[in-house]
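Protein chains in written order, with this note's numbering: chain G, 869 to 972; chain R, 112 to 329; chain C, 5 to 229.
FYI, nobody ran anything at the bench for these hints, they're computed from the structure. Remember, predicted model here, so these are calculated numbers, not experimental data. Glycine residues also receive a C-beta, built at the ideal position from the N, C-alpha and C atoms. Each hint should be verified, as a subset may be incorrect.
[What the hints assert, rightly or not] Here are the simulated SDA-like pairs of lysine to any residue, each with C-alpha atoms no more than 25 angstroms apart in a straight line:
hint	chain 1	residue 1	chain 2	residue 2
1	C	Lys16	C	Arg161
2	R	Lys114	G	Asp960
3	G	Lys968	R	Lys114
4	R	Lys114	G	Val945
5	R	Lys114	G	Val955
6	R	Lys114	G	Ile952
7	R	Lys308	G	Val940
8	G	Lys967	R	Leu320
9	G	Lys967	R	Asp321
10	R	Lys308	G	Lys967
11	R	Lys308	G	Lys968
12	R	Lys114	G	Leu959
13	R	Lys210	G	Val940
14	G	Lys967	R	Lys114
[What the hints assert, rightly or not] Computed beta-carbon distance windows for the label pairs:
hint	chain 1	residue 1	chain 2	residue 2	range
15	C	Lys16	R	Ile266	26 to 34 angstroms
16	R	Gly243	G	Leu966	27 to 35 angstroms
17	R	Trp212	C	Ser83	53 to 61 angstroms
18	G	Leu966	C	Thr85	44 to 52 angstroms
19	C	Ser24	G	Trp881	36 to 44 angstroms
20	R	Trp293	G	Asp963	31 to 39 angstroms
21	R	Pro244	C	Thr85	18 to 26 angstroms
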Amino acid sequence: MMSRMRKAVLLVWTCGVVGSGWVPLAPVVSSTLFAQQPAPVEEFVPIDQLPPQDQLPAAPLLVAAYALVVLVLFAYVVSLARRIGAVHRDLDRLDADLKKNAHR
Amino acid sequence: MPKWFVPAAVVCAVMMAVAPVLIANAPYESTMGLVQKIFYVHLPSAWVFLTAAIVCGIASARFLFGADPRQDRLAWAAAELVVVFGIITLVTGPLWARKAWGVWWQWDVRLTSSLMGWMVSVAYLLLRQFGGPGSDKLAAGLALFGMANVPFIYISVNYWRTIHPTTSVVPTLPTSFGLPLWFSAVAFMLLFVLLLKMRVRLEEQRARLDSLYLSADA
Amino acid sequence: MFARVVWLVLRKDLMVEVRSLEIAYTTLFFAVSCVLVFAFALVREGRAPEDGAAGILWISIAFSGTLALGRAFERERQSETLRALLLAPAPRPAVYVGKLLGIVALLAAGEVVLVPLVALLFQAPLFDRPVWLATILLTGTIGFSAVGTLFAAMLVRARSRDVLLPVLLYPITVPVIIAGVRATTTLLQPELEVEVLRFWLALLVCFDVVFVTLALWTFEPLMTD
Chain G
869 MMSRMRKAVL LVWTCGVVGS GWVPLAPVVS STLFAQQPAP VEEFVPIDQL
919 PPQDQLPAAP LLVAAYALVV LVLFAYVVSL ARRIGAVHRD LDRLDADLKK
969 NAHR
Chain R
112 MPKWFVPAAV VCAVMMAVAP VLIANAPYES TMGLVQKIFY VHLPSAWVFL
162 TAAIVCGIAS ARFLFGADPR QDRLAWAAAE LVVVFGIITL VTGPLWARKA
212 WGVWWQWDVR LTSSLMGWMV SVAYLLLRQF GGPGSDKLAA GLALFGMANV
262 PFIYISVNYW RTIHPTTSVV PTLPTSFGLP LWFSAVAFML LFVLLLKMRV
312 RLEEQRARLD SLYLSADA
Chain C
5 MFARVVWLVL RKDLMVEVRS LEIAYTTLFF AVSCVLVFAF ALVREGRAPE
55 DGAAGILWIS IAFSGTLALG RAFERERQSE TLRALLLAPA PRPAVYVGKL
105 LGIVALLAAG EVVLVPLVAL LFQAPLFDRP VWLATILLTG TIGFSAVGTL
155 FAAMLVRARS RDVLLPVLLY PITVPVIIAG VRATTTLLQP ELEVEVLRFW
205 LALLVCFDVV FVTLALWTFE PLMTD
């Protein structure tokens, strides 16, 4: 059974390699396709290694981003705590019921 | 909870408190200025997003081929964290992009495939919630396809010319940028492990509750 | 043995379908209505947008494909034939491939009607390069159907299966749709850029390979109780 499976998978992969191997992938096409896009950032440069530039008023976006991180993580922890609390309550209630029934 | 949990939580809390100081002291980047500091939460949360997807995929594969319920619990927990950290990544990114690129969103490869990966994890949660019995295995199958997406998300930005920075940014970072980034990344990864452990514990308690109910009915 | 099982499953599906043509007619009508809705929604001053053809074609294929998948496996569920198939001493991957080819055949039949319709309504020169078009449609359909067949089969016994199929299917198959649309758009340009077209085709083939491999691998554990 496994060898039949292996054969099937091998066949699929061979077709795939043959099918995609006849195309030279990325470089030629990416440059043709995306020549009009701006060049990607390849490394960060600290600001004091370049002539001084104006600081863009980006504070609201920055604050929003950090606030979002805190809020989302906080909301998730709260949701987890509530769910764990609910399960603990159910567990305690069930334990008490079982003890009561065992005594009878 | 295991012994390492509380010390780890304390360390994580301290790191999260110290990180903003390190970030504030990092130099400004030349072209992007203040808004580039979103990088220090955007990139670590993106790494956790991808890591959680891989954890979910591997746990799903082990559950599917090994039928170990612990792997299923781990997969569900990881899927929830993919959603949470995906939200953080996919919102902090556009907030940064608004200033850096001038647009909130671009349909380039990295953004599109990340969004699709996130949607797969939301679909996973919907399936677990509403799929009825047997949905644990079905969701595991879905998670495998979702994990196949992850390498694509990561390397796509190197093979397509997109507006998103390539993966060569991180290895070439000067130390002044690198220190806050790696500190932040370690803090986020630690948080990921802690949240994963908590979520798995919730699932373990639920399983215990179910078995207790069953034994009470018997 | 493998090929024989594939052929038997495929033949069964085709025979059942040909007798009533229920799925074929309903899916086809839905696909045509889909294209018409898009045409009416996007018409301006009595003319449909010229660049919409590729996107609308693939959206219609995706929507009608989801419907066909749902209906095909609903039929299996009603007669409990899927369980019978799984109980048979046949290799499970062969059953999957047989069902996959049946779905591809169904969708291909739909595309035979959809493509001329889209070409007509959107004045798109889809038939100028028929071999390329057929290749794009075939690879895209296989990719979409590979994931669709697996998910539809595994959802057969789940609750809320009708709404869950698109919920699960679309995020995974979006890359296939995107590649299909880009390839078709490239094909519709007056000057054909062969490298670009071959790139998108290669990407489609990659998706097909990955999805079929994953599906073959997971079909057996997913279909056991």
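Okay, the hints, checked on the actual structure:
no., hint, verdict
1, C/Lys16 to C/Arg161, "holds (21 angstroms)"
2, R/Lys114 to G/Asp960, "holds (23 angstroms)"
3, G/Lys968 to R/Lys114, "violated (33 angstroms)"
4, R/Lys114 to G/Val945, "holds (20 angstroms)"
5, R/Lys114 to G/Val955, "holds (22 angstroms)"
6, R/Lys114 to G/Ile952, "holds (19 angstroms)"
7, R/Lys308 to G/Val940, "holds (18 angstroms)"
8, G/Lys967 to R/Leu320, "holds (15 angstroms)"
9, G/Lys967 to R/Asp321, "holds (17 angstroms)"
10, R/Lys308 to G/Lys967, "violated (30 angstroms)"
11, R/Lys308 to G/Lys968, "violated (33 angstroms)"
12, R/Lys114 to G/Leu959, "holds (23 angstroms)"
13, R/Lys210 to G/Val940, "holds (22 angstroms)"
14, G/Lys967 to R/Lys114, "violated (30 angstroms)"
15, C/Lys16 to R/Ile266: 26 to 34 angstroms, "violated (42 angstroms)"
16, R/Gly243 to G/Leu966: 27 to 35 angstroms, "holds (28 angstroms)"
17, R/Trp212 to C/Ser83: 53 to 61 angstroms, "holds (55 angstroms)"
18, G/Leu966 to C/Thr85: 44 to 52 angstroms, "holds (45 angstroms)"
19, C/Ser24 to G/Trp881: 36 to 44 angstroms, "holds (37 angstroms)"
20, R/Trp293 to G/Asp963: 31 to 39 angstroms, "violated (46 angstroms)"
21, R/Pro244 to C/Thr85: 18 to 26 angstroms, "holds (21 angstroms)"
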